[in-house]
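J.: Line order of the protein sequences matches chains A and B.
Sequential numbering from 397 applies to the first sequence in the numbering used here.
Sequential numbering from 397 applies to the second sequence in the numbering used here.
The list makes no distinction among identical chains, and a pair is therefore deemed to hold if it is satisfied within one copy or across any two copies.
With a straight-line Cα cutoff of 16 Å, these simulated EDC-like cross-link-like pairs (lysine to aspartate or glutamate) come out:
| no. | residue 1 | residue 2 |
| --- | --- | --- |
| 1 | Lys-638 | Glu-520 |
| 2 | Lys-632 | Glu-644 |
| 3 | Lys-632 | Glu-520 |
| 4 | Lys-469 | Glu-498 |
| 5 | Lys-653 | Glu-618 |
| 6 | Lys-638 | Asp-615 |
| 7 | Lys-638 | Glu-514 |
| 8 | Lys-427 | Asp-407 |
| 9 | Lys-632 | Glu-559 |
| 10 | Lys-665 | Glu-514 |
| 11 | Lys-638 | Glu-618 |
Simulated from the structure, these hints should not be mistaken for lab results.
2 protein chains.
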Amino acid sequence: MPEQSGRHAFDEAVHLTPAGEGRYKGHTSRKYWNFVGPFGGITAATALNGLMQREDRQGHPLSLTVNFMAPIKEGAFTVETRLVRSNRSTQHWSAQIVQEGESEPVLGAIAVFAARRETWALREAVPPQAPPPEECKPFQARLQIVWPQMYEMRYARGRFGVENPDSVTHAWLRDVPSRPLDFASLTAICDAFFPRIFLRRPHMAPIATVSLNIYFHVDAAELAAEGSGPVLCVAKAQVFNKGYYDQEGQVWGRDGKLLATTQQIAWYKE
Amino acid sequence: MPEQSGRHAFDEAVHLTPAGEGRYKGHTSRKYWNFVGPFGGITAATALNGLMQREDRQGHPLSLTVNFMAPIKEGAFTVETRLVRSNRSTQHWSAQIVQEGESEPVLGAIAVFAARRETWALREAVPPQAPPPEECKPFQARLQIVWPQMYEMRYARGRFGVENPDSVTHAWLRDVPSRPLDFASLTAICDAFFPRIFLRRPHMAPIATVSLNIYFHVDAAELAAEGSGPVLCVAKAQVFNKGYYDQEGQVWGRDGKLLATTQQIAWYKE
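Chain A extracted, bound-state conformation (with noise of 0.2 Å):
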């Protein structure tokens, strides 16, 4: 699909053309190429994109859980969104992706839409004490894949493809080239994160996101007040065990704001 001068990439990688029914048609984007499909990222964003494109949307988006079922070919795709309930100040969706040739989705989502609106508040995560992102050094993929390309990350703690004594890291994370944030790029940015197993285990073998949650702890309005980041991305992972590990992580934007909890669980080889 030929990029549109102007549009971001990333803008381009998860536009959606309304094709009647709450179905939405969208291309693959090569620059957020993975090794056999898109980066799962864009795919959970072009998936909660079809979503924010409905008229009937109320809300804001307050939990993604995005289930990958199988890759998506390159070429084009159908996002299909359903209102499954629809409440006084949430609403429940789901989406599920479809590809020409293949009898059943490649992608199935639920989330949920809410109203936010100010009440008592408290935040009891801290965020870590992590050099300003102009100290770090810029993470140069070296790296058969490209989407990595579409971000600069600035790590902080944690090196790739190495034995780290824990998987934890912090980096620094924005879309290249800079764009302002929202919902669908926050999306993206929470699986941007390097595979917990390469931290632990540093030789390259198949892993693959089975199935990733967020949850947005902000509105439109507070996302837009971020600008087009850095934002801080803290991720690790809990237990690897029987073929499957998880990982954990936050989005934080500046003055400590929590923008995004997310978690992952993947599948590896042996």
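On the provided structure of chain A, position chain B as indicated by the hints.
T.: Positioned in the frame of chain A, the structure of chain B alone reads:
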């Protein structure tokens, strides 16, 4: 629904009768009743139980996300299950609970089941140094709700209903009477921790879990080896903002085995 002699109240509560085409009929339990509906954990466990009943189910639960869309009324309900995609070693499922008189589902869930096999393994998370259960005082629920009586809860850290310096709790949990752990009871336990807000803002106010996520880190054999527990539950909140707060938790078995990790996002009033 009359309780059959000899069957644990938990098994009564999650009991389902096949009703054709992936549908299963169940009935709410008064013993696991919360304020305006069943305890969310028992409902999540019932949804998972529907998937466990499927004859074409393969492997063990790996991830489960449950969105609570509306309170379930006392009485009968139907769990509707659907195999969305089946791969070589994973199955992707969805489930919903519907109830007569409601045009929309009251609960929606997606789950992944997976074949687990021996692999390289590493446990990075560390269980807390908690005193043994017999040294921790059982929590006596002075609540108007009954479901907490279905658990023996021995808190080693964190006090309910007072202003704690943080929301971290360590608690030994087991079914009452004790019952061998399985994926359904582990699911319910993942929602049985004190609502975090009552550890920081101790006045009673309406709250409701909106979405619950669980990753299972053991297979059925490993879980069975835990007997009837107790399990050590760790939970904390990260942020309370604009009407919603999160909770993340770990469920530890004996010998520091991490059985499950769980997250939820809950609504709170003002």
